[in-house]
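K.L.:
Given next are the chains, with one letter for each unit.
Number of protein chains: 4
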Amino acid sequence: MGTSVVIGGTAGLGRFIAARHAGRGDTVIIAGRDAEKARTAARELGANVTGIAVDLARPQTIADSLKTVESVDRLVITAAFQKPSTLKDFDVEEAVVAVTTKLVGYTETIRVLRDRFTPYASVVIFGGLAKERPYPGSTMITTFNSAITGLIKTLAVELAPHRVNALHPALVADSPRWAGTDLGHMAARTPIGRLITMDEVADATDFLLDNGAMNAHDLYVDGGVLAQ
Amino acid sequence: MGTSVVIGGTAGLGRFIAARHAGRGDTVIIAGRDAEKARTAARELGANVTGIAVDLARPQTIADSLKTVESVDRLVITAAFQKPSTLKDFDVEEAVVAVTTKLVGYTETIRVLRDRFTPYASVVIFGGLAKERPYPGSTMITTFNSAITGLIKTLAVELAPHRVNALHPALVADSPRWAGTDLGHMAARTPIGRLITMDEVADATDFLLDNGAMNAHDLYVDGGVLAQ
Amino acid sequence: MGTSVVIGGTAGLGRFIAARHAGRGDTVIIAGRDAEKARTAARELGANVTGIAVDLARPQTIADSLKTVESVDRLVITAAFQKPSTLKDFDVEEAVVAVTTKLVGYTETIRVLRDRFTPYASVVIFGGLAKERPYPGSTMITTFNSAITGLIKTLAVELAPHRVNALHPALVADSPRWAGTDLGHMAARTPIGRLITMDEVADATDFLLDNGAMNAHDLYVDGGVLAQ
Amino acid sequence: MGTSVVIGGTAGLGRFIAARHAGRGDTVIIAGRDAEKARTAARELGANVTGIAVDLARPQTIADSLKTVESVDRLVITAAFQKPSTLKDFDVEEAVVAVTTKLVGYTETIRVLRDRFTPYASVVIFGGLAKERPYPGSTMITTFNSAITGLIKTLAVELAPHRVNALHPALVADSPRWAGTDLGHMAARTPIGRLITMDEVADATDFLLDNGAMNAHDLYVDGGVLAQ
Numbered sequence: 001m002g003t004s005v006v007i008g009g010t011a012g013l014g015r016f017i018a019a020r021h022a023g024r025g026d027t028v029i030i031a032g033r034d035a036e037k038a039r040t041a042a043r044e045l046g047a048n049v050t051g052i053a054v055d056l057a058r059p060q061t062i063a064d065s066l067k068t069v070e071s072v073d074r075l076v077i078t079a080a081f082q083k084p085s086t087l088k089d090f091d092v093e094e095a096v097v098a099v100t101t102k103l104v105g106y107t108e109t110i111r112v113l114r115d116r117f118t119p120y121a122s123v124v125i126f127g128g129l130a131k132e133r134p135y136p137g138s139t140m141i142t143t144f145n146s147a148i149t150g151l152i153k154t155l156a157v158e159l160a161p162h163r164v165n166a167l168h169p170a171l172v173a174d175s176p177r178w179a180g181t182d183l184g185h186m187a188a189r190t191p192i193g194r195l196i197t198m199d200e201v202a203d204a205t206d207f208l209l210d211n212g213a214m215n216a217h218d219l220y221v222d223g224g225v226l227a228q
Numbered sequence: 001m002g003t004s005v006v007i008g009g010t011a012g013l014g015r016f017i018a019a020r021h022a023g024r025g026d027t028v029i030i031a032g033r034d035a036e037k038a039r040t041a042a043r044e045l046g047a048n049v050t051g052i053a054v055d056l057a058r059p060q061t062i063a064d065s066l067k068t069v070e071s072v073d074r075l076v077i078t079a080a081f082q083k084p085s086t087l088k089d090f091d092v093e094e095a096v097v098a099v100t101t102k103l104v105g106y107t108e109t110i111r112v113l114r115d116r117f118t119p120y121a122s123v124v125i126f127g128g129l130a131k132e133r134p135y136p137g138s139t140m141i142t143t144f145n146s147a148i149t150g151l152i153k154t155l156a157v158e159l160a161p162h163r164v165n166a167l168h169p170a171l172v173a174d175s176p177r178w179a180g181t182d183l184g185h186m187a188a189r190t191p192i193g194r195l196i197t198m199d200e201v202a203d204a205t206d207f208l209l210d211n212g213a214m215n216a217h218d219l220y221v222d223g224g225v226l227a228q
Numbered sequence: 001m002g003t004s005v006v007i008g009g010t011a012g013l014g015r016f017i018a019a020r021h022a023g024r025g026d027t028v029i030i031a032g033r034d035a036e037k038a039r040t041a042a043r044e045l046g047a048n049v050t051g052i053a054v055d056l057a058r059p060q061t062i063a064d065s066l067k068t069v070e071s072v073d074r075l076v077i078t079a080a081f082q083k084p085s086t087l088k089d090f091d092v093e094e095a096v097v098a099v100t101t102k103l104v105g106y107t108e109t110i111r112v113l114r115d116r117f118t119p120y121a122s123v124v125i126f127g128g129l130a131k132e133r134p135y136p137g138s139t140m141i142t143t144f145n146s147a148i149t150g151l152i153k154t155l156a157v158e159l160a161p162h163r164v165n166a167l168h169p170a171l172v173a174d175s176p177r178w179a180g181t182d183l184g185h186m187a188a189r190t191p192i193g194r195l196i197t198m199d200e201v202a203d204a205t206d207f208l209l210d211n212g213a214m215n216a217h218d219l220y221v222d223g224g225v226l227a228q
Numbered sequence: 001m002g003t004s005v006v007i008g009g010t011a012g013l014g015r016f017i018a019a020r021h022a023g024r025g026d027t028v029i030i031a032g033r034d035a036e037k038a039r040t041a042a043r044e045l046g047a048n049v050t051g052i053a054v055d056l057a058r059p060q061t062i063a064d065s066l067k068t069v070e071s072v073d074r075l076v077i078t079a080a081f082q083k084p085s086t087l088k089d090f091d092v093e094e095a096v097v098a099v100t101t102k103l104v105g106y107t108e109t110i111r112v113l114r115d116r117f118t119p120y121a122s123v124v125i126f127g128g129l130a131k132e133r134p135y136p137g138s139t140m141i142t143t144f145n146s147a148i149t150g151l152i153k154t155l156a157v158e159l160a161p162h163r164v165n166a167l168h169p170a171l172v173a174d175s176p177r178w179a180g181t182d183l184g185h186m187a188a189r190t191p192i193g194r195l196i197t198m199d200e201v202a203d204a205t206d207f208l209l210d211n212g213a214m215n216a217h218d219l220y221v222d223g224g225v226l227a228q
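Residue numbers (the numbering used here), protein chains in the order written: chain A, 1 to 228; chain B, 1 to 228; chain C, 1 to 228; chain D, 1 to 228.
Hints should not be assumed to be uniformly reliable.
Note: identical chains are not told apart, hence a pair may lie in one copy or across any two.
In silico DSS-like cross-links for lysine-lysine, where the CA-CA straight-line distance does not exceed 30 Å [to be verified]:
{"hint": "1", "residue 1": "67", "residue 2": "88"}
{"hint": "2", "residue 1": "37", "residue 2": "83"}
{"hint": "3", "residue 1": "88", "residue 2": "37"}
{"hint": "4", "residue 1": "67", "residue 2": "83"}
{"hint": "5", "residue 1": "37", "residue 2": "67"}
For the record, the hints were derived by calculation from the structure and aren't laboratory data.
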């Protein structure tokens with residue numbers, strides 16, 4: 001029960017987590033950049049879900065965008081500017097958007113909502129495995145996901161006794177992003193012999209949200225990829 | 001359901017986890033160094049619990065000690081030689097027992113049981129926060145807990161597709177070890193404003209055992225102590 | 001010999017490193033935000049030192065600012081927007097400047113200069129210990145210094161065979177920043193019994209620049225603070 | 001000048017480092033398991049080199065073996081029981097020797113010599129990259145090298161203000177161990193485009209020994225292998 005706020009909840013992993021919380025009866029607020037898309041997604045997810053527009057790339061607007069949120073039991077932020085970047089074709093404007101979204105946008109969202117946290121509220125923010133293993137196109141993604149480790153440390157101290165954790169998923173087999181892509185070679189290289197699933201990521205998110213001892217932790221949900 | 005094997009399950013966190021699994025109907029095998037103590041603890045925990053004697057400090061004996069274990073769905077190893085050691089008063093014999101127990105004993109236990117793993121079986125081994133933050137008396141404890149990080153990496157690769165994770169708890173408020181000790185100063189220094197509990201550690205253990213995407217991960221269950 | 005480029009070389013650690021390289025006969029280019037200040041510092045450092053203006057907070061201008069740099073044997077970047085930030089008094093505009101300077105500005109500088117790298121050229125970028133241990137006011141500093149770990153990984157791959165390393169200094173005893181401040185309590189808490197020095201940081205920088213096997217490494221120069 | 005003690009100094013990297021120190025005029029004591037071999041190596045390295053027998057696998061004998069060492073400015077320990085081990089063919093006796101050598105033997109050596117440390121003496125102990133990336137046969141090597149991270153933390157605190165660092169080398173191109181082996185595929189996978197050299201490892205060792213701010217640090221000397 002209680003209220004889950006999922007920034008980035010209109011698609012992908014965020015939407016999956018929102019659906020799970022809605023399905024068990026939580027009040028859920030999902031946010032995406034586009035208001036219409038957020039409302040549509042909310043309608044599809046159920047009567048207890050509301051969709052609002054929040055643009056983390058314009059952090060000056062976040063406080064106003066979140067003014068209808070009244071209380072927060074669980075805050076999950078998955079949003080990211082994921083457009084590939086390389087050193088060779090580095091686009092300065094896009095890079096500023098990327099780090100602003102992830103680092104300033106996330107921080108500002110948490111700052112705005114913290115006064116509405118219920119006593120046991122906690123936060124989970126998403127990074128990703130590019131943090132540890134860069135790939136072609138991950139120049140900024142690797143960089144901002146690496147920053148997540150520092151962000152949860154400082155926030156865990158500043159938000160205490162509230163808890164803030166990070167979740168770094170590997171490639172997710174059933175993510176809409178990979179629909180139609182053959183990921184067999186990636187599955188073969190994963191120790192568990194397959195890619196991870198949205199359900200496993202959502203379960204791990206709930207673990208971090210609910211276990212009162214988990215704090216300032218970087219949870220790698222990767223099937224063992226980093227052991228290699 | 002299925003079978004949980006808890007090495008170190010006759011006392012402390014291991015016993016707490018065993019009790020939880022027994023309470024939900026699992027078949028549980030607990031092991032401690034002393035056969036009589038193991039049988040007594042098993043009796044106290046319920047009809048579905050069996051106690052056996054296993055001495056990780058004598059790894060040559062482990063295969064024989066475990067011969068009655070028929071199948072394993074969950075393997076949890078918490079046992080450790082916890083006697084304090086310092087550089088100043090370093091006792092070579094005890095240090096050999098300490099690293100043998102934790103590193104050779106754990107590995108041999110897993111080697112012996114792996115052929116009895118059911119298809120989705122997984123392993124959780126315990127370290128502790130001394131790994132990251134030494135304290136007076138932790139010379140060998142810090143050292144062998146640090147080795148756990150390497151051990152789960154190599155085992156995750158060698159046991160694939162079976163999963164192996166580590167759990168590093170902070171000081172546990174309601175551990176029998178601290179009965180009668182005032183830990184208020186430690187609680188005050190923890191971001192969550194209190195020490196962690198046995199229940200939280202057991203919940204985290206189950207998360208690692210059950211979430212099929214968690215592998216080769218060092219889970220710090222510490223209330224945020226390491227953020228500081 | 002050869003050419004050292006030090007971005008942030010007009011003051012503090014950057015200037016100290018530039019002076020050291022100038023003193024041994026390198027051609028040195030120091031850059032700071034203010035052209036006049038850069039030229040003055042260059043004059044003070046010697047005839048083989050040139051001062052130019054580069055503003056990492058405006059990454060669109062970096063390519064033009066660096067057009068007079070002809071070749072690079074050693075690139076050191078120490079510049080940072082160090083103004084304290086806290087979650088409580090979070091200033092979105094300043095936070096964008098902070099992450100833009102450190103993450104986009106550093107990356108763009110390296111992109112611009114890479115074609116002028118000599119065959120054995122390497123890069124050292126500065127983070128700091130706030131990465132691991134937040135302090136009041138370090139919200140963004142902890143965050144962007146944490147990102148440095150990811151940045152050197154992706155750049156080491158993208159710049160290969162050129163090398164990129166990071167240096168994370170603790171509080172530096174003889175930094176001009178602390179002139180007149182009593183840091184005795186910090187010294188007492190450092191295992192070596194004192195704070196680190198500019199000379200030690202400069203020596204460590206040269207080690208990373210010169211040892212051809214060092215790559216993608218986070219070097220903590222901290223007297224052992226992180227062991228505690 | 002001063003005295004360098006190199007445990008494991010009769011062959012490989014240890015011998016290379018000893019030769020370097022001897023060549024610049026240090027008094028050098030090299031130790032290996034075999035007394036005759038140690039004396040022969042010492043003779044080959046020069047008049048300022050002495051060879052003694054020390055067996056880290058029998059830590060009870062270390063104090064006696066080191067009784068002729070009068071003072072220590074630099075202590076380097078490279079010795080290891082490197083015989084491959086796998087979970088499949090796990091040999092309990094050899095595993096006990098492996099962890100005893102590396103963890104108890106190293107600690108006991110340092111305990112014995114600490115009272116003979118000169119005021120600025122420091123220690124470098126060797127691990128290796130198997131710590132982070134297991135390979136077939138590295139079961140115990142990955143485990144004990146991972147323990148090195150904890151060992152230097154606790155020792156840095158216990159030996160303060162003396163310094164203790166670790167060096168983790170990748171595969172070394174010109175190590176006698178690989179004479180006659182084609183390592184071209186490993187070189188191709190290293191970002192610097194080649195394997196690291198003994199000279200680079202020795203230079204890194206000296207950096208850790210000499211820079212007074214380096215303490216409790218895990219130095220990875222790997223050409224960037226871990227970035228991938």
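K.L.:
Hint by hint, note whether the structure agrees.
P.N.:
Outcome of the hint check:
1. 67 / 88: Between. Shortest inter-copy distance 18 Å satisfies the 30 Å Cα cut-off; intra-copy 41 Å does not.
2. 37 / 83: For residue 37 and residue 83, only the intra-copy Cα distance (20 Å) is at most 30 Å; the inter-copy one is 38 Å.
3. 88 / 37: neither (34 Å within a copy, 32 Å between copies)
4. 67 / 83: Both: 29 Å inside a chain and 29 Å across chains, each within 30 Å.
5. 37 / 67: within (19 Å within a copy, 45 Å between copies)
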